[in-house]
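Peer 1: Let's have the full structure, built from the sequences with the hints guiding it.
Keeping their order, the protein sequence lines are chains A and B.
Here the first sequence is numbered in the working numbering, starting from 1 and rising by one per residue.
Here the second sequence is numbered in the working numbering, starting from 1 and rising by one per residue.
What the hints contain is simulated information worked out from the structure, not anything from laboratory work.
Treat the hints loosely; a few may be bogus.
Once the Cα atoms are required to be at most 20 angstroms apart in a straight line, the calculated DMTMM-like pairs of lysine to aspartate or glutamate come out as [unchecked claim]:
#: 1; chain 1: B; residue 1: K58; chain 2: A; residue 2: D93
#: 2; chain 1: B; residue 1: K43; chain 2: A; residue 2: E84
#: 3; chain 1: A; residue 1: K46; chain 2: B; residue 2: E1
#: 4; chain 1: B; residue 1: K65; chain 2: A; residue 2: D94
#: 5; chain 1: A; residue 1: K43; chain 2: B; residue 2: E1
Using C-beta positions, here's what the derived DEER-type ranges look like [claimed, not checked]:
#: 6; chain 1: A; residue 1: G69; chain 2: B; residue 2: R87; range: 44 to 50 angstroms
#: 7; chain 1: B; residue 1: R19; chain 2: A; residue 2: T19; range: 39 to 45 angstroms
#: 8; chain 1: A; residue 1: L40; chain 2: B; residue 2: G26; range: 16 to 22 angstroms
#: 9; chain 1: B; residue 1: E89; chain 2: A; residue 2: Q16; range: 37 to 43 angstroms
All values derive from a computational prediction rather than experimental measurement.
Using N, Cα and C, we set each Cβ at its ideal position, and we do this for glycine too.
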Amino acid sequence: QSVLTQPPSVSEAPRQRVTISCSGSNSNIGNNAVNWYQQLPGKAPKLLIYYDDLLPSGVSDRFSGSKSGTSASLAISGLQSEDEADYYCAAWDDSLNGVLFGGGTKLTVL
Amino acid sequence: EVQLVESGGGLVQPGGSLRVSCAASGFTFSSHWMSWVRQAPGKGLEWVANIKEDGSEKYYVDSVKGRFTISRDNAKKSLYLQMNSLRAEDTAVYYCARIRSGYSAFDFGGQGTLVTVSA
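Peer 2: In structure tokens form, the structure reads like this:
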């Protein structure tokens, strides 16, 4: 069971905005950066957001990240069908001395 | 562009051993921490291990400690994961990842290699 908690699924209509939450604790999100990954069906994961809210080169600015306390969020605006994917949050955990991933959230664009 | 080519996966019996490899290109391999991340069939991502630029520090998820060993050869720009005492629950696609300097974020660059542990 993941210590970083994400909703298993979210859905929204095209052109709308959706947010995916990631809840942790002081030993991970509360004290370390949060990164987000997108995994398209049948593909390898891809870094989407790093250091809470930074976009890697080439990632659309429709994606944004935020963090407050022990929770983080990924927002996707102007939803497109190609955004259908699994999304994972991740953070270093000081107690475990390792990286934790959230359980993943499956995004469906209706 | 980060390019990582994983290889060495296959079918192995429970209790057996396997070594998977990752060939890196497109960046200065010796300047980055590296990692292995795995994904069991139909499941989420799980971090497995990290190794420092010079190999002097290594970290593992509890479930593989004492069984798996991460290593690297900077001259060959290659990362390795030696897996011993394999269990059915180790069945997964194993991805190699570069750790983005200063940010603890993974840059994936390959399609992974499938390790299946079954009798």
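Peer 1: Each of the hints needs a verdict: does it hold here or not?
Peer 2: A quick look at each hint next to the structure:
1. K58/B with D93/A: Within the cut-off at roughly 15 angstroms; holds.
2. K43/B with E84/A: holds, 17 angstroms
3. K46/A with E1/B: Given pair K46/A, E1/B holds - Cα atoms ~13 angstroms apart, limit 20 angstroms.
4. K65/B with D94/A: holds, 17 angstroms
5. K43/A with E1/B: Roughly 17 angstroms between the alpha carbons, so the hint for K43/A and E1/B holds.
6. G69/A with R87/B: 44 to 50 angstroms: violated, 37 angstroms
7. R19/B with T19/A: 39 to 45 angstroms: This hint holds: roughly 42 angstroms between Cβ atoms.
8. L40/A with G26/B: 16 to 22 angstroms: holds, 21 angstroms
9. E89/B with Q16/A: 37 to 43 angstroms: At 39 angstroms between Cβs, range holds.
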